[in-house]
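Protein chains in written order, with the working numbering: chain A, 52 to 509; chain B, 52 to 509.
Hint data in this document are derived by calculation from the structure and do not stem from the laboratory.
Computed from a predicted model, the values in this text were never measured in an experiment.
Be a bit skeptical, because a hint or two may be false.
Identical copies carry no separate label here, and so any pair may be met within one copy or between two of them.
[Claimed, not checked] Capping the alpha-carbon separation at 20 Å, the derived lysine to any residue pairs in SDA-like fashion look like this:
#1 K398 - E99
#2 K246 - L191
#3 K246 - E379
#4 K244 - G202
#5 K102 - E457
There are 2 protein chains.
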Amino acid sequence: MTRRTLKLGLVTMGAGGPGQHNRWLDPDIPADASVNIRWYIEQVRKAEAAKFDFVFIVDSQFITKDSPPHYLNRLEPLTLLSALATATSHIGLVGTLTTSFNSPFNLARRLASLDLISGGRAGWNVVTSGDPGAAGNFGLDEHYDYETRYGRAFEYIDVVQGLWRSYEDDAFPRDRETGVFLDPAKLHALNHKGKYFSVTGPLNLQRSPQGQPVIFQAGDSDHGRNLGAQTADAIFTHSASIEDGRAFKQDITRRAVAAGRGADDVLILPGVSIYVGDTDEDARRIETEYRRADHSFEQALGELGRSFGWHDFRQYDLDAPFPAETLEHARRSFFTQAQRIVELARKDDLTLRQTVEVLSASRGSPFVGSAETVANEIIRWFEGGALDGLNVMLGHPDQFDRFLNEVVPILQARGVYRSEYEDTTLRGNLGLPKPANIRAEAPASPTARREEPALAVS
Amino acid sequence: MTRRTLKLGLVTMGAGGPGQHNRWLDPDIPADASVNIRWYIEQVRKAEAAKFDFVFIVDSQFITKDSPPHYLNRLEPLTLLSALATATSHIGLVGTLTTSFNSPFNLARRLASLDLISGGRAGWNVVTSGDPGAAGNFGLDEHYDYETRYGRAFEYIDVVQGLWRSYEDDAFPRDRETGVFLDPAKLHALNHKGKYFSVTGPLNLQRSPQGQPVIFQAGDSDHGRNLGAQTADAIFTHSASIEDGRAFKQDITRRAVAAGRGADDVLILPGVSIYVGDTDEDARRIETEYRRADHSFEQALGELGRSFGWHDFRQYDLDAPFPAETLEHARRSFFTQAQRIVELARKDDLTLRQTVEVLSASRGSPFVGSAETVANEIIRWFEGGALDGLNVMLGHPDQFDRFLNEVVPILQARGVYRSEYEDTTLRGNLGLPKPANIRAEAPASPTARREEPALAVS
Numbered sequence: 052m053t054r055r056t057l058k059l060g061l062v063t064m065g066a067g068g069p070g071q072h073n074r075w076l077d078p079d080i081p082a083d084a085s086v087n088i089r090w091y092i093e094q095v096r097k098a099e100a101a102k103f104d105f106v107f108i109v110d111s112q113f114i115t116k117d118s119p120p121h122y123l124n125r126l127e128p129l130t131l132l133s134a135l136a137t138a139t140s141h142i143g144l145v146g147t148l149t150t151s152f153n154s155p156f157n158l159a160r161r162l163a164s165l166d167l168i169s170g171g172r173a174g175w176n177v178v179t180s181g182d183p184g185a186a187g188n189f190g191l192d193e194h195y196d197y198e199t200r201y202g203r204a205f206e207y208i209d210v211v212q213g214l215w216r217s218y219e220d221d222a223f224p225r226d227r228e229t230g231v232f233l234d235p236a237k238l239h240a241l242n243h244k245g246k247y248f249s250v251t252g253p254l255n256l257q258r259s260p261q262g263q264p265v266i267f268q269a270g271d272s273d274h275g276r277n278l279g280a281q282t283a284d285a286i287f288t289h290s291a292s293i294e295d296g297r298a299f300k301q302d303i304t305r306r307a308v309a310a311g312r313g314a315d316d317v318l319i320l321p322g323v324s325i326y327v328g329d330t331d332e333d334a335r336r337i338e339t340e341y342r343r344a345d346h347s348f349e350q351a352l353g354e355l356g357r358s359f360g361w362h363d364f365r366q367y368d369l370d371a372p373f374p375a376e377t378l379e380h381a382r383r384s385f386f387t388q389a390q391r392i393v394e395l396a397r398k399d400d401l402t403l404r405q406t407v408e409v410l411s412a413s414r415g416s417p418f419v420g421s422a423e424t425v426a427n428e429i430i431r432w433f434e435g436g437a438l439d440g441l442n443v444m445l446g447h448p449d450q451f452d453r454f455l456n457e458v459v460p461i462l463q464a465r466g467v468y469r470s471e472y473e474d475t476t477l478r479g480n481l482g483l484p485k486p487a488n489i490r491a492e493a494p495a496s497p498t499a500r501r502e503e504p505a506l507a508v509s
Numbered sequence: 052m053t054r055r056t057l058k059l060g061l062v063t064m065g066a067g068g069p070g071q072h073n074r075w076l077d078p079d080i081p082a083d084a085s086v087n088i089r090w091y092i093e094q095v096r097k098a099e100a101a102k103f104d105f106v107f108i109v110d111s112q113f114i115t116k117d118s119p120p121h122y123l124n125r126l127e128p129l130t131l132l133s134a135l136a137t138a139t140s141h142i143g144l145v146g147t148l149t150t151s152f153n154s155p156f157n158l159a160r161r162l163a164s165l166d167l168i169s170g171g172r173a174g175w176n177v178v179t180s181g182d183p184g185a186a187g188n189f190g191l192d193e194h195y196d197y198e199t200r201y202g203r204a205f206e207y208i209d210v211v212q213g214l215w216r217s218y219e220d221d222a223f224p225r226d227r228e229t230g231v232f233l234d235p236a237k238l239h240a241l242n243h244k245g246k247y248f249s250v251t252g253p254l255n256l257q258r259s260p261q262g263q264p265v266i267f268q269a270g271d272s273d274h275g276r277n278l279g280a281q282t283a284d285a286i287f288t289h290s291a292s293i294e295d296g297r298a299f300k301q302d303i304t305r306r307a308v309a310a311g312r313g314a315d316d317v318l319i320l321p322g323v324s325i326y327v328g329d330t331d332e333d334a335r336r337i338e339t340e341y342r343r344a345d346h347s348f349e350q351a352l353g354e355l356g357r358s359f360g361w362h363d364f365r366q367y368d369l370d371a372p373f374p375a376e377t378l379e380h381a382r383r384s385f386f387t388q389a390q391r392i393v394e395l396a397r398k399d400d401l402t403l404r405q406t407v408e409v410l411s412a413s414r415g416s417p418f419v420g421s422a423e424t425v426a427n428e429i430i431r432w433f434e435g436g437a438l439d440g441l442n443v444m445l446g447h448p449d450q451f452d453r454f455l456n457e458v459v460p461i462l463q464a465r466g467v468y469r470s471e472y473e474d475t476t477l478r479g480n481l482g483l484p485k486p487a488n489i490r491a492e493a494p495a496s497p498t499a500r501r502e503e504p505a506l507a508v509s
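Okay, chain A solo, but in the shape it has when bound:
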């Protein structure tokens, strides 16, 4: 296989995102950007003009009056991406959808529908939801525990991919001469009965031009990494340094190979903020200014709660040692992240105030400088085996424009990044193979084995 080029995704949550509570104050951004379809279309068309691989939509399902602005009011990923599908032509459409609070049949069907509507550009970012409050919106007294969340996720992906194999590629002759619409031998029920799910199938949708939506994954715990290594086509992560990135990529590759996959089967795509200035110093000044404007200490204190099930840290003495007992609140939330924060505070004997400050400072981007500096750094990470591409976190429009107009042309001139789309599908542009047709598949996975003896439904 020829060397892949660098992949680029755009992560947008309207105006703002983690650490960007005040982004809506910027007069260059509509204050209602998170529910403004025109704004989304404008940003995504810019990314498409620059030949980005995909736009990536994050999600959440629970709010309180204390939630950050970008949580309070946001378009649902599936409806948003479907609306973007008819306003774009080549860019991939990746939505965050939780395995904890959607039925697998509906999710499989809606993603397959988006995939057909977009001509093979759909992607699914698989999450298990780290917000315990969301459970109450779905009839649960409390959120699933960690083992259950991931047990469900593994089985869930298996079910969804099984449903996506309901029809073989050539199931619909639609031959007007012979009057044959469907070849019934090419329709397969799933008849899945597992620990968590029971789904008969088949799905009432043909395969898309890319075979199946592309699977993204973002969890960073041990189970999360296994889920990504075993099932995902691409992983959305965070890397503070080239060494971090390389270690993460090696860890995922090791887990993927151990699961019988190829070393190149999983793309590693860290999410990054990028700051471009006239000079390196100018860029650092811009970063400092934007980050200072983006959120206050109070807001950072609030956002600290996210990994701890949105536990309210305002109740503690800011100048007392970090309250490590709060880790208990993270049990059904982002426990791995919370654990790292508690460790960090313990190691250096930090107060709560210091912990918030250190975490804010650690958000500093490794990609800050003149266009030349940023391009060089991206290429160094890419060629150094620390990433396969970047998920560019949409910042200030002016900065996004500078990245597109100044950095991207350098990446293209160096032959690292495309100047034209190679394909019309997301899978094709990412350089991923189209999943084999059901009949051509070796019975390698449990799902494939389960499907082999299944007869066409009667």
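Given chain A, put chain B in place with the hints provided.
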């Protein structure tokens, strides 16, 4: 309130629909129309150019190899309508979504999202699903019984509308001077705990320009009629004659008034096929030809099974009396419809073959003739109190064009139908009031009462 004008909706399932198994054979229609977004956009833009109120998407969740073509492979309504939202500007977007197999929080959120994306054009056709096979796709051993299906539906609508009232109209000042994004006193949790659902809320989406999506309903059983009369803004029905239509409208009005609603609160919109010819005789010839081409006796026999949970009637002697014992299979399906078929056969001692033939013949449209004849008949029904508008079932493209180009101008010239949209929202065009802001509401409904004491979530 001034007299409303006639409302028009377009019902489309790609190529084909009930009784239209062979529509895909027509060379003027793409054979893959049911999954062809370009075809949908083309039809819906035609309807929008003719100032139709809405496009209406039907749905189903279960197939076998014997399912009619339009069931086998179809885009999911929410994703399809979201894709149509950005390809249109004024037409309403009404999707069929079942209360039996969606969680109310996800459904409320996705419809609210579509409503915002489209600028206030979303509608929800509430169904409880009459296909027992669908249950197996959602982890159930069998479908809910009739009482449970409707018990859930009543509570479900209450929950969804409650979630749609999470924010007051002016909850988001987004004031850059004062830095106030949200007025937290205008965010309300739902805290619903009912017989079937437990949903805390609030929903993470602001109200749309039309306040809430418009509620459509289509069930025709006793509980179905009550559900429509008590909760719906519009009812999709079938009427064979002006007398039928008038009786249905009076029945719904009576039930609505008994539930404390106004006599004009529920629009009655029968679904109709329309055949336009150069003369009345020419139109009757066209109808006969199309109906003959649309399905064979074998296909009509298969479709008879729909009301009986897709029971296979091919196993019975065609020339023996209609097998009335099959009614048992309709218990968790469209029981009222099945009951009517059994009654029909019993009354006239029909064989199975005769029953299929009589049912096929009864599909004859009351709106067949020259453009003048069809327009006159529509006006007669409208002014005679038998309908508030029509759901035009998309037939052959040539016939749709004739309706748009020949019949609609007559309706406009007679002042019965609009020449320009009155509003940008579906609710506005249908002449329905915008649901009151939460604070302005009298605590009339159980939901409103439940919400009054609810505090802003903490």
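Structure versus earlier hints, numbers of those that do not hold, lowest first: Of the numbered hints given earlier, those the structure breaks are 1, 3, listed in rising order.
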